Structures are given as structure tokens and as C-alpha cells.
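One letter stands for each residue in the lines below.
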Amino acid sequence: MKSEEYRNTILRVDLARKKYEMEEIGLSQILKFIGGRGLGAKILFDEQKPGVDPLSPENKLIFLAGPMIGTGAPWAPKYCVETKSPLTGTILMSLAGGFFGARMRNTGYDGLIIDGRADEPVYLWIHEGKVEFRKAAHLSGKMTDDCQETIRRDLGGDKNIQVACIGPAAERGVRFASIISGCRAVGRGGAGLVMASKNLQAIAVNGTRPVPIRQPEPFRELQTAIRKKARGVEKLAMFGKYGTPRNQLIVNERGLFPTRNYQAGMFEGIQEVSHVQQQERLIRKTTCHSCPVACGNLTRARPPYEEFETEGPEYETFWAFGAHCGNTNIDAIIAADRLCDLFGMDTISTGSSIGFAMECVERGLFSKAELGDLDLRFGNHPAMVEMVRRIGNRQGLGDLLAEGTRRAAEKIGGNSIHFAMQVKGMETPAYDPRGAKSMALTYATSPRGGCHERGLVSRETFGAPPYIDPLSVEGKGAVARFCQDRTSFIDALGYCIFPPNNGGMEFTEIASLFSYVVGVPFTEQDLFKTGERIWNLERLFNFREGITGKDDTLPPRLLKEPMPAGPAKGQVVELDILLKDYYQTRDWDENGVPRPEKLKELGLEEEGRVALFWKKA
Amino acid sequence: MAEEMEVPAGIPVKGVVDLFGQKYGEAIAGTAETSAAKNMEGKYLVMLNGRSLEKDQQFTSTVQDGDRITIFFPICGG
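Quick note, the sequences are listed as chains V and P, same order. Going by our numbering, the first sequence opens with residue 1, and the numbers climb by one from there. Going by our numbering, the second sequence opens with residue 618, and the numbers climb by one from there.
In isolation and in its complexed conformation, chain V is listed as follows (with noise of 0.2 Å):
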């Protein structure tokens, strides 16, 4: 490696033998993987053995931070957390925003790669490049609040350290754990309960460390005048405004806002539950490291649930304790938001899983004994609170629905697997697909199953322009494949997406500041080339654990089941037309396997050959 060259520095830790090593990885991969999400799918794919048990030491947990996390560029604070997902068993990234990324780039590393497990509870301090393991046993069953701040004072009090750690959830091993840090969550697939698996309650990362520049003068230019450019940008003015929740209006005006359970597809109560009244609650606006949009809302719940204050709730989490659970009081999804946050739970996903208990309830097949005390309808919104805490406890009910609904439905039997709404075991969020064909696509595909962030359609959900027909599944395959491409660079960059989908910056633009980063030329091709290489990487992962095309699907409420009501009113899911489509679209043969050929073309034939033609023993 030229030691003027681009590269990453990656700490490798051992967390049975308590050791720590550095190594670097150079431009040629970075190229071909940008970071974050990208190096980490390469990484996981070439070191994780297929068929690794998700709890068991074996199973990496990767930290990394990409190329323009930490360097000034606008909208970039997005971490990522790589693994393999003891809730689906897919690959497994889930990404945060707020300080942490940025803060472990200036400790002198742009990732971590854990291995093994502790003998005991430990927490990892990384700071100006030295590297300590820390006895954790005091921060056993802390909420994550607590447990942040308690190792701030172990560590002298400095409000800069920034912590991830997890919580109470992740001990009790609720399948849907996160990774926190602030307020912000590694959300989803249960990235919390791997790191609980291996006994390490948190990371702490604090240092002073420039970021890498290579180029920093033309850099420093183009992101200057990116950042004057969007003050005037009308719609980075609203998103900052009022942040995601807005969103729900026009969503459920659509007809495609998942009503109790994917039941319907408009909230009758949505005004009562929407950002108007969030706003009412403001405490004040928040944001992530170097973003200046703020689109975060602190908030503060009114009687009965006075006593929680929360960074959102963002419009998933409105949603999944508003209409998915029937519930139109607004302070309980506060209440709820902030419970999940303390517990360490995944808000969609612990939503999700009590929406689908309430329709269990609705068609009794549950016993007295099961439910206990708990009146869990639709619309109970001190239930569905109480809920949370107990499934974040893993007591009573909570202990089955800690699962996932698709071990819930599993064990519950009566045909609740016809409304578990998961995606190869993840929980489906705030989109019904009924009413928008493309997302039923990125639910259907996404690696880590039932997720929207992987290829948002903002054309379908939001009417965002050019006008495409939600309701059409003409063309559908190209939109979703552009959508996913374009998510899956963005991500490995370390952007945040919705300031890119609100014309906070093009395309083009992004491809410069990643050329003067790494200190050579990259075009928007070449980033949407890279999108496609990281989508197809991640399948291959998946299709050597198993995870093939006929996983694929849709839960059958979506398929068969048509919406009742509203815009999408009569429409199902036609699940075989769609997937025909896309699998064309993206050179995969009928089966969903991609083609030789197009594995050439992006490079991972080797990556192909062993995951297409691996067998288990």
C-alpha cells in the first residue's frame, strides 16, 4: 500500500482472549465497497462461516463508520452495525445516526470487527487510538440512559464520549434488541441482543483525531457551497420543520397507512395522532453530527404520561403504537418511544408485535391465563404501553412476543401466520404494499427482510414527483432496483437519505466529495455501480445461509387478502408479476439467483462461486 493512498484503519478485537489488533484496508477495496454498509457485507461474506449460529461467539459484530462520517460533509452522521440477525438469520445491517459514528472516526478508527465472547460483562474504551476492556458487571440490567451515563462518570465525566451500548431488552434476549447511543437506535434485526451474546454491554469512544481528506481543499469548497445551496431549499425548510412524522398524512391519505394490523389502509384517527400534536409537545429541535437540518423533535408526554420525554417519535413509530394498534393518544406513543429507547428495543418491530397480538386477541386465540391482566385491544393504549415494558422484561405475553411475530404466529398456531406481517422474520413497517407495488418489491427482496429504509419509493408513498401510479405494477422492477442501488451507496457512504431525497444535494455532487475524500475520481455511475455490487453481495451472504428466492414473499394477508377501503380499495399484492419483473431488471435468472454474467460485470464472481455452489455439510 503507497503510504499516500486512501485507506481505513480497522480495530480487530478479541473479545474472549481481551486482545486488539489493527489492520488497514486499502483503496482497491473501498473502491469497490465504499464503507460502512459495503465493506462490512465484503467483510461478514469473506470471514463468517455459513450456517454460524446468531448468538454464538462466532458471529461477527462490525462496527463501521463510512468515508464521509466525520469529515464536515452536511448529512453525514450514519454509522453502521454489521452482523448476522438472530431474529431472520439474514446479513444484518442496521444504521444510526446522531454523534457516534463521527466520534469512533476520531478515535483513529473508521470500524471495528468484535469476535468471540467475554468471560465476563465488559465494556470496550476506545480513545486517541488505545483501546481498554472494562469490567461491566455494575451495568447489568441499567436502562440505556443510565447505563450511558454511568460509564461517562466511570470515565471522568467528559460529555464528549459517546456510548453505544444496550439495555435491559438485549440482556433478556428479546430478539428485536438495539444498539443505542443517544437517543439514536441501531434499530433494527436485533444487533443488540448479538452484541449481549458476547457479554459486551457497551462501547465508549471519545478522541481528537482528524478524519481523512485527501483532496480537502476542493472538498471543503463544494461541501461549503452545498450547504448554502440548501437553505434555500423549500423542502429541507418543511423536513426540518417538522421532521419524518408529517409524513403520516399524506401517507394515510394515500391509502396506504397499515391500519391495526394491515387490517385497513387510512387511520380514522390519524389527526388526532400526527405531527400537529407533536408539535404542541415540543420541547425543543435536535440533530445529528454535522447536519444542519434538525429534523429531531424532543418531546414531552402529557397525563398520565407525564414522566417520559423523548428524541421523536419519528413517523415509525408513530405509527406502529398509533394506527397500528389502533391508538389515538399520542402521549402513550411517546410513552411507548421512549420505553423502547430505554429498554433498547426496536420500535417497529415491538409495535409491530403488539399490533399483531391485539388482532390475536380480536380472534380469541388466546387464553385468559395467556393474557393475564391486560386488556390488550385495539385502541388500549395504557395495555399497549404496559406491553412494552413487558416485553422488554420478556414477562407474561411479552416473553412469546419478544420473539417476533414469526415465532409468535408459529407457536400460536390458528392461522396467525396469515397476519404476522414479516418479511422473512422481520416485522413489515409504516407502508401497506397493497397500495404502493414498488415497496411490496423492496419488502419483498430487502436482505434483512421486511424493511423500507433499503428502497424507499418516495414517488409511491409520498407522491413525490415524477408521477408514477402507486396502484400500477407496470415498470415496477426498475423503480424498486433504482431505489435499492441508490439507497445501498448512500448508506455505505454514511449519508442520511432524506436530505439527498429532498434536493439537499445530486447525485454528482456526492460522487465528487467521495473522489476528493478517497483522492480519486468516482462518478455517479461508478456510486450506483457499487450500490449494485453491495445488493447483490448481501444476497449472496443470504443465499449461503439458505435464504434463497423463495423467500421472497409477502405475508399472505397482503397476497390474498384485498385492502377494504380507501384509494388502494380491492388491491392485493400480485406478488409473481412484480418479482418477474424485477429479477429481469436486475439480470437474475427466474429463481431470483443472479447471473454469472452480471456477477462478472460488478466483480464478485469469486463471491458468487462460493455462495451459489456452497452446499452444507
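In short, the hints are calculated from the structure, not lab data. All of these numbers come straight from a predicted model, not from anything done at the bench. Watch out, some of these pointers could steer you wrong.
Stated by the list, open to error - So the derived list for chain V, only partly shown, Cβ under 10 Å to chain P, looks like this: (1) F239; (2) Y315; (3) E316; (4) P470; (5) L471; (6) F498.
All C-beta atoms in this analysis are idealised placements derived from N, C-alpha and C, irrespective of residue type, glycine included.
We have chain V already, so just place chain P on it with the hints.
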């Protein structure tokens, strides 16, 4: 937020949007014109019962009792 409005019988959708404009100001008033001219990309989304008014002639459709006309400034994120 949502409000019910009585409108004259036989009024087209465009007429209702014009009424919105009179009540809520120039920016909304301009929407009907720009929408009709298909120039509204990036600005407002006008929907009739949750479906985008993407074609001019829908602006001339007559409003029925119970119709919902909504005008959004779409932002992306959720």
C-alpha cells in the same frame, strides 16, 4: 388540517382548489394553475380521494358529495 367545506353544486375540482387558494393564500391559489399546466413538479401534490390529479382533465371532474380534496407539499422521509 382537515376541514369540511360546502361548495356550489356542479363545481369542478379546479374550482374547489381555487376556493382553497382564496382562503389560504397565493401559494395554494397558484397550485391549480400550475397543476393544470403540469408544472407542479417539486411543488404541491393535489389529490382527489387519495389519488393524484396527474392529468388535466381530472381538474374538470365535478366534485361529488363526500369527496376529499387534499393539497400537500410533499417531502420525502419516514
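Structure-based check of all given hints:
1. F239: At about 5 Å, which falls below the 10 Å cut-off, the nearest Cβ of chain P leaves the hint on F239/V intact, so it holds.
2. Y315: holds (4 Å)
3. E316: With Cβ-Cβ at 7 Å, under 10 Å, it holds.
4. P470: For P470/V, the interface hint holds, since the closest Cβ of chain P sits about 9 Å away, which is under 10 Å.
5. L471: holds (9 Å)
6. F498: Holds. Min distance 4 Å.
This entry satisfies every hint, going by the numbered hints stated previously.
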